[in-house]
Every structure is written in C-alpha cells, then in structure tokens.
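2 protein chains.
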Amino acid sequence: MINTLFIPELREMLADQNLKELSGFCVALHPSRTAMFMEGLEDDEVWRVLEHTDSENVADIFSYFSRDRQLDLIQTDRKQQAADLVRHLPSDDRVDLLQGIDDDVRTTLLDLLPVEDRRDILRLSQYPEGTAGAVMTTEIAMLMENLSVRQAVDEIGRQSEHYETIYYLYIVDEEERLQGLVSARQLLLRMKAPDTKLADIMETDLVTCLVMEDQEEVAEKVARLDLLAIPVIDSSRRLAGIITHDDIIDVFREEATEDAHRSAAMEPLAESYLRTSLLTLSWKRGVWLAILFFCALLTAFALERYERITEEIKWLILFIPLIISSGGNSGSQSATLIITALSRDHIKLTDWASVIRRELVMGLLLGFGLAVLGLLASWCLVPAQQQANNWMSILVVPITLVLVVISGTLSGSVLPLIFERIGWDPAIMSNPFVAGIVDILGIVIYMTVAVTLVGISQ
Amino acid sequence: MINTLFIPELREMLADQNLKELSGFCVALHPSRTAMFMEGLEDDEVWRVLEHTDSENVADIFSYFSRDRQLDLIQTDRKQQAADLVRHLPSDDRVDLLQGIDDDVRTTLLDLLPVEDRRDILRLSQYPEGTAGAVMTTEIAMLMENLSVRQAVDEIGRQSEHYETIYYLYIVDEEERLQGLVSARQLLLRMKAPDTKLADIMETDLVTCLVMEDQEEVAEKVARLDLLAIPVIDSSRRLAGIITHDDIIDVFREEATEDAHRSAAMEPLAESYLRTSLLTLSWKRGVWLAILFFCALLTAFALERYERITEEIKWLILFIPLIISSGGNSGSQSATLIITALSRDHIKLTDWASVIRRELVMGLLLGFGLAVLGLLASWCLVPAQQQANNWMSILVVPITLVLVVISGTLSGSVLPLIFERIGWDPAIMSNPFVAGIVDILGIVIYMTVAVTLVGISQ
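Sequence lines, in order, name chains V and P.
Offset between the first sequence (1-based) and my numbering: plus 121.
Offset between the second sequence (1-based) and my numbering: plus 121.
Just so you know, these hints were derived from the structure itself, not from any lab.
No residue lacks a Cβ here, since even glycine has one placed at the ideal position from N, Cα and C.
Do not take every clue at face value.
[Unchecked claim] Which bits of chain P does chain V cover? Going by a derived footprint, with three or more residues having C-beta under 8 Å, they are:
| hint | region |
| --- | --- |
| 1 | 403 to 409 |
| 2 | 422 to 429 |
| 3 | 483 to 493 |
| 4 | 557 to 571 |
Turn these sequences into a full structure, and let the hints steer you where they fit.
And the structure:
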C-alpha cells in the first residue's frame, strides 16, 4: 500500500519552489517516514525534493526505500546528485547497489566519486557474492591499543559519523592486525578510571571470520553466539571489516528465500522477482523442469512395461494419479522436515538411525490412515463385478498406499541425509525430486501389488 | 560432530574431585567453548562440573548448549542447581525453556524460585506464543527522565549485570510510561557535558510495538529500520519489555521453518523434529495428506468419466504421470516465487497484472520447451501404427504440455495473490495444493486435447 497522504502537498511545494517547506519536510520526520511519504512520487520528483537537504540525510532517507526503488532512483540523469548519495551510503550497501545497475551507469557514477571512495568500492566488489567480504562494511571503529579510555572516548566523538556501529570498538596494532575488542558498555563502565589503557581492558578471545568465509556459516556463528557484530579478518589477521546484526538478518532472509526456491526445484534468483528478466527466469526454472521431465519419462516407460496388466484390469488406471501424488506428498513432507531440521542443527548425521526409524513408523501410520480412505475409494470406483469376481481387488489400492507412503517417507528422509553426508546441500534433494523418485517407485509398487493380489501374469 | 577432546580429562577431574582444575575449566575459556567441550558428557556429569562455578557463569555456559540438550539438563534430579540456573537466565529464554518441560518438573522448579522471579515468569508466560509479549525480555535499562548524563552512567554501572543490553537506554516517567530513548552512543558522546538531563537529549520519535502484536510483523519492522532492539509497550504505553536483535533473528529463522513446513503441506511443528512425538507428527502431517487425498480422488473420478477414450487410445495412459507432474512442478515453482516475493515485499498486490502477464509468458516459454521434449517422447512411445493412422497423435502430448504448464504457472501465481487479497496466509496455498489443483486440470486438458486431435467421441 503506497501512502499518498502527502503527495498533493509535496507536488505543490515543488511547483511553488517552496524551499523552506521542502527542506522542512526532509528533516521534520524520521527518515523512514520521509521515505514512506515520497513512495508515490515519480523518481525525478523524489530527487527534486531531496535537493533541499544535506547528503547525510539524503543517504538516511534513501536507505528506507525498497531495493527496487533504490535501483530506479540511482539510475537517474542527475548523476552528480546520485554520486553524492553513493558517497554517503554505508560501504557494504553501496557496493551491493552498484552491482545491481547497468555497467555504463556504474562507470559514470564511479568516475564522479573521490578516489578513496572509488577504491573502497572496487576493493569490496572483488569478494565473490556469498562471502563474508561481500557483506562486510569497512566503516569500523578501529582504535590503537595504546590509547586510554579518555582518548578513546574523544576519538569516538570526533569520528562517530564515519562508523556504522560503535557498540564494539576494535583494537588493532600498528599494522591494523586485530588485537582485541572493547564494547561501548565496558567503555561506559570504565569512565571512572579514564587513564586505563584499552589494551588492559580489551577482550582478546574473539570470535572472527575470514573474508572468504561463506556468509551462511558466518550468520550461523553470529546467531549462535548472539553477537552484535563480527570482525572480518584477512589471512594475515588484518581487520578488513565487520558484519553487523542487520546484515546477518538479511543473510538469513536471503538464505531462507534461496532454500525455498531450491525446494521448489529452481535455481535461486539473484534479484527480486519483478527485476529478474523473463529469459533468466525461464532458464533458472526450465533446466530443472527438463531434468524432472526426464525423471517422469521413466514412469511412461514403466507403464509401457505393465501395459498388459492395465489392459486387463482397466480400473487400475483410475488410481494412478492418486497413488503417485500420495507418495509424492508424504515424501515432500519428510524431505522438508529433514532439510529444515538439518539446517537448524536440530538433527545431526549421527541421528540417522533414529530419523529412519521415526520415518518408517510415520510411513506406517500415515499409510494406514490413507489406506482406510483408499478402501472407501476402491469400493466406490472398482466395478462391482470385479469386486464380486475377486474380493481382493478392493485391497490393491489400500495396500499400495501403505507401501507407497512408506517409500515416500523413507526416500524423503534418506536422500537428504545422504546428500548431507557427501557434503552436498541437502536442499538440492528438493521436494519435486523426491516426488519424482517416488512416482516411479509408486508405479512399480502399484503394478506389482495388482499382479500379486488379482493374480494376472504379465 | 561432538568434540570429545576434553572428555577423558574432565572425567578424570570428576573422579579425583579435583576442585581447582574443575573450577579452572569453567572460567578459563569462552563460555561457548566450555559448553562445546562438555557436549559429550552425560547430563549428570555436566551438572557435577558446573557445581564448581558461580550461577552467572553456569547460565552463560548453559545458553550455548542446543535447546534439546538444555531441556534434558533442566529436567535433572538436582532441582536446586536447576532452579539457581533458571534464576540467572534471561527472562525471555527461561520462559521459553520452562514451556518445553513437563508440568510437574516446571511446578517444582517454580516453587524453588524467589517470589519475584516466579511472578516475572508467570507474567511473561501469559502472552500467547507468537506475540511480541512472548519473545520480549524484561531486563531493560529503564531510566527516569530527570536523571543527568552522569547519574545515568553511574546507574548503569550499578545495574548493568541486570540488563540484557545497554545499547539503548529507555527513558520513562514515574508510571513507567515510555518517554524516549538515549543510545549508549549518545551517552558516550555527551560525557563532556555530564550535567545535561536525559530528557534534553533523548530521542522521542520512537518505533515501538504492542505486547499482543504478531512477532513476524515486529521482526519485519526491526529488520526494515535496522534497529538493535524495539521497546514493547502495553495499551497504556507502559514499557513492558524489549525485543533484542538476537531474538529477531530467532523469529525470522522460526518463521522460515514454519513457511517451509506449510509449503510442504504440514502444520508447523512447535518443537524440534526429534522432540515432536510421533503422534503429534502424524496428526500434523496426516490431516493435510488426507485433504490432498480427497483432491487427488477427483482425478480418479475424472479418469472414470474419460474411460472410453483411454480404452480406445491406450497409449494415452503412459503419459498421465508425466503430464500431471510437469503441471505440478511448474505450478510449485510459480507458487514459491510469488509466496517468497510477497513475504519479502518484492511484489505488492497492486502488481497483480504484471505478475500474471509474466507468468503467462513463462508458461508459454517453459511449456514450449517441454513440448519439444514431449514430441520426442511421443515419437518413442506412441505405437508406430497409430502414428501412421493419424499423424496428429504425436501432437497430443506436446500440446497438452503447453496448456498444462500454462495452467500450472497461472494457478501457482493467482492463488497466492487471491489468498493475500482476502487476508489469509498465502503460504497455505502451498505447493502440494497448487499441484493437486493442476493435477485435475491436467487430466481434463489431456483428455480434451486427445479427443479434439485424434477425434474419438466420448
């Protein structure tokens, strides 16, 4: 829902060139609300409003627009205004933003930036997507170990607008190698002894991560230890940046979306849905649909093998979709349960025996439940004459359902465990895949049960 | 992987009753590592080690065990030790923990606690699961507005071990109504003018949430505004607690797991996989399997209606699983894309027209891709004689695939949008549901195309 409350007023202020009211609007409210009230304006109108406040505030307001809107705004004709904005954005956010825009716009913007900002951006862009280096920020409160508490407080006072957080202060030696950490909390508590050296009060047993470490592992670490931020170091222990709690939340949300996409058999999207081109989208979806198509083709060959049975016992055909979807659904449930439990450390590989035991019991319970429904369905749909000829016909579907649901729960639990064991992402063993495998098993089980019970030879 | 490095040494220390080494072990390392090295011990051994350090440290170490281990540990025979521990846990964590254990153990533990802790626990337990009240902590740095900066720093120094965070200090009036906020950062920067009143420097335009607000909405708010913590107020604006960034991460991870479970057609689990009883699990899975079974039963009735066609054109049967799974898979992809995009605010309801347009194009592209594969499959599997009799037989499967994939992408996108519109959770419109609907559509489309192209009347 776009808030259009202020739109007429803002347009009037722009038309009147009412400088006082425009600059008042930019500073009177919390930046998140200023951004919200401008959502309904055209991109160029937003820039014309933002002309009337300083770059720091522009960057604050800008950070509350949606990413898509940010990308649109940054690709404006007002290059100088955009470059000023980029200069004042947090170092991790601006790299991320610049990676989402066209190459030529990016080059133009980079050229308009002071050399040190440009270097910082290029240095951060070199870390591959998904690493700690790619999400870290370089605006760190970095202090020398020989400073006293008082000097540290003074230094923070001078520098604070350049830091993304001052809740953790990182203590380094002359070569910027990380030595320890002092929290703002400790600094506040030590104000009574202002001459204490930072080196004497710093925490030295630090949890750190490497620039090339996988962002998901870093996020797990921060979440497990409830950290506000984690320092990122390079191979020579030099402090390269920090990752703060808000970036960790973003990592978790991104990974959750990626897992959801994988579990529906798609390559995860790099951009948001509406920003992804139809060509990219059809590629990311098409490859997996084609692979699943070939899996499903095996069911056609299986059915061809059993052609004589389905010709003789025609009613078997009616239940084919019902049986394979029951197997697929129970398999998807198991796969999702195991994949989410693995990713949240609720189960370990060493629990495999109890997982399989549980899923076997689940398969039996659920299978028998569906078998009762299947018995009623058979009673309705199996022709009366066939039921009279051989009373066992009515048992084919129920017995098949028990076996198919068990094979679903077992495949759904064993396959993700195997993937985890060999070091692949268990989420690849996605629901449609488990379903595809269970489809083929389902056909084979169904036909075998039919032949055994109703006694027709192939 | 359980770290067993220290296990023999720890057991030896316990056997020797080596008090000095045991208490040394408890304090020498970071609590997370102490916990890690004890993972391989029996529950009672852990308690025997923890006897040798103070309750604060026990609570720290305990917080790094997995939740399942915590639940096991708390249900010990050493009731007094457990009660001491509970007393020192953060107020939100202990409520959560106590809700996971047996009623009689909980009653015993509560009886062993001082009256004020017991009251705090009972008060927090009254908020329903999933509300802000249920995740908030009550250890807040709450300061009166008439304090000066110096008095505030002194107060924090005295009280700091009772607070979960001091990065935000909440300013209240005499009736504990929230008036404003001072960050530790501002306090540090104001140390030069220690007589300034908090009321003069506090931020008054605060983002807050209500005790009964949905935890997911609160988490969205915190993530959007990159907050460290959000104050929770009751209906009379009294400060009831705060929710900190680490709890927000937990909320997001919990919600992601719940969404994954819903999208595989299951009721989300309240406890971890191994902790959930098989009876609960079979209920949460069975209900949805049964509902999906009834959906799938419709395909059986549909196939019965088309019995004459499948009897005359036998090869049609071979492709039934292939066609319904192609429709189901493309539908799952669309549903997952739309559900994740809605939950991350990447699309809004007002984008419905462009979403549908995109999914229509996607359906055409993907459908034609699969149609090419379907043509090859038909060429292999449709009997040569039939192909010779009527060359159009070979087109039945490809044309069906195009139409089925389009109906998959359209159902997968339209149904979640409709659910969002009427205010239901779009995740209920889960993948198996979309697949179930597309199954029936698939059968009807397949048979209709077959009749039209190969020209056999019902």
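Non-conforming hints, listed in increasing numerical order: The structure conflicts with no hint, since it agrees with every one listed earlier.
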